[in-house]
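**Student:** Spelled out from the first residue to the last, the chains are:
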Amino acid sequence: MWGEDDTQDVLGVLGITATANGGDLNVVYDNQYADALGTEQRDPVVRCSSADAERLGLTKKGAILTVAGTRYRVRRHEPDGTGMSRLILEI
Amino acid sequence: MHRAEQIVDAVVSALLASATLPSAIYKARSLSLSESDGELPAVTVNIGADDPVSDLGTDNLAFIDSILEVRCSAYAQDTSQAAVMADLLELRVGIHKALMADQSLGLSFVMATRYGGAEAPEIATEGAYLAGRLDCTFRVHYRMSVTDPE
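Listed in order, the protein sequences are those of chains R and X. For the first sequence, position 74 (counting from the first letter as 1) is numbered 74 according to the numbering used here, and the numbering increases by one without interruption. For the second sequence, position 44 (counting from the first letter as 1) is numbered 44 according to the numbering used here, and the numbering increases by one without interruption.
Treat each hint with caution, since some may be false.
What the hints assert, rightly or not - Which bits of chain X does chain R cover? Going by a derived footprint, with three or more residues having C-beta under 8 Å, they are:
id: 1; region: 25-38
id: 2; region: 75-88
id: 3; region: 125-136
Unchecked claim - Below, a list of computed lysine to any residue pairs in the SDA-like style, where the Cα atoms sit at most 25 Å apart:
id: 4; chain 1: R; residue 1: Lys60; chain 2: X; residue 2: Ser80
id: 5; chain 1: R; residue 1: Lys61; chain 2: X; residue 2: Glu126
id: 6; chain 1: X; residue 1: Lys27; chain 2: R; residue 2: Ala34
id: 7; chain 1: R; residue 1: Lys60; chain 2: R; residue 2: Glu90
id: 8; chain 1: R; residue 1: Lys60; chain 2: R; residue 2: Gly38
Unchecked claim - Some residues of chain R that are not near chain X, with every Cβ distance over 12 Å (derived):
id: 9; residue: Glu4
id: 10; residue: Thr17
id: 11; residue: Asn21
id: 12; residue: Val28
id: 13; residue: His77
Keep in mind the hints are simulated off the structure, nothing from the lab. These figures come from a predicted structure and were not determined experimentally. Idealized CB from N, CA, C, for every residue including glycine.
Let's have the full structure, built from the sequences with the hints guiding it.
**Tutor:** Structure (C-alpha cells):
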C-alpha cells in the first residue's frame, strides 16, 4: 500500500529542497506563465507531502516558504486527500 | 485621419505629459503587459462609441456634433489587494487631472471633455502578484464637417 515513505521517495527524485520555518522539505516546483487581466505573471505552485505541509506550518495562509531562491507566502493549501498537497504561492 | 483618432492621440499625449502618471501609456494596446519589461503600472487608451448629439445625426447642414467615448484603463500589480487598489486609484487621479486640465485637449474642434465615470476595479489573483484593472471613461464633445470627418 502506498504510504508516506513512498511519497517521500518520489519527491526525493522529482523534487527540489525548499525551506520553511527552519525545516526542509522536498517539493515539486512549478512557476509557469500566467495572464491576469492582461498583465504577465508567474503562477508559482509547489506539490509536497501533506504531512510535510502540516509539520512545517504550511497549511496556514501567509506561511513563508523559500524555494528556488525566492521567498513566497502561501496563498492557499490544497490537500488532495491522498497524502499530497498543492501550495498556491504568492510574492 | 478621422477626428476621433486625433482625439485619441491627444488623450495619449495629455497622459504622457503628466508628471504623476507612469511613462507606460499605450494607444489601443492589445498585447499583454509585463512588469519586467517596464510596462507596469500602465494606462491604455482605447476608442469607444461615437454618438451624434442630435437624433438626426447632424446639428446643422454644415457640421455634425458628436460625442466620442474614450476609455482609459489603468493596470497595476502589487503584493496586496489594498496596495493594488491604491495604485489603481492613484492612476485614476492622474488620468482625471491630465484630461480635465485642458478640456479641449489642445484641439480646435473639441468643445469639451467630460468625466464619464469608472467601472468597478477588477482584481485578479491568478499569479504571484495581485493584478488590477480600472476602466475610466471620458466623453469628448467634438465637431466635424458633414462631408469630411478629418
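**Student:** Does His77/R clear chain X by more than 12 Å, comparing its Cβ with all Cβ atoms of that chain?
**Tutor:** At roughly 15 Å from the nearest Cβ of chain X, His77/R sits farther out than 12 Å, so the non-interface label holds.
**Student:** For the pair supplied as a hint, Lys60/R and Ser80/X, is the alpha-carbon distance within the 25 Å limit?
**Tutor:** Holds, because 17 Å separates the two Cα atoms, which is no more than 25 Å.
**Student:** Beyond 12 Å from every chain X Cβ: check whether that's true for Thr17/R.
**Tutor:** Thr17/R clear of chain X: closest Cβ-Cβ about 20 Å, beyond 12 Å.
**Student:** Given that the region 125-136 of chain X was listed as covered by chain R, double-check it with a C-beta distance under 8 Å for 3 or more residues.
**Tutor:** With 9 residues in contact (Cβ-Cβ under 8 Å with chain R), the coverage given for the region 125-136 of chain X holds.
**Student:** Are 3 or more residues of the region 25-38 of chain X near chain R, judged by a Cβ distance of less than 8 Å?
**Tutor:** holds (count 5)
**Student:** Could you let me know if the closest chain X CB is still more than 12 Å away from the CB of Asn21/R?
**Tutor:** At about 21 Å from chain X, Asn21/R clears the 12 Å cut-off, so the statement holds.
**Student:** Assess, step by step, whether the Cα of Lys27/X is no farther than 25 Å from the Cα of Ala34/R, and give holds or violated.
**Tutor:** holds, 23 Å
**Student:** Please verify that the nearest CB of chain X lies beyond 12 Å from Glu4/R's CB.
**Tutor:** holds, 29 Å
**Student:** Could you check that no beta carbon of chain X comes within 12 Å of the beta carbon of Val28/R?
**Tutor:** For Val28/R, whose nearest Cβ neighbour in chain X is about 17 Å away, the distance exceeds 12 Å, so it holds.
**Student:** Under the criterion that the straight-line Cα-Cα distance not exceed 25 Å, is the pair Lys60/R, Gly38/R satisfied?
**Tutor:** violated, 30 Å
**Student:** Hint check: Lys61/R vs Glu126/X, CA-CA at most 25 Å. Holds or violated?
**Tutor:** Holds, because 16 Å separates the two Cα atoms, which is no more than 25 Å.
**Student:** Checking C-beta pairs, does the region 75-88 of chain X have three or more residues closer than 8 Å to chain R?
**Tutor:** holds (count 3)
In this structure, the one hint that does not hold is number 8.
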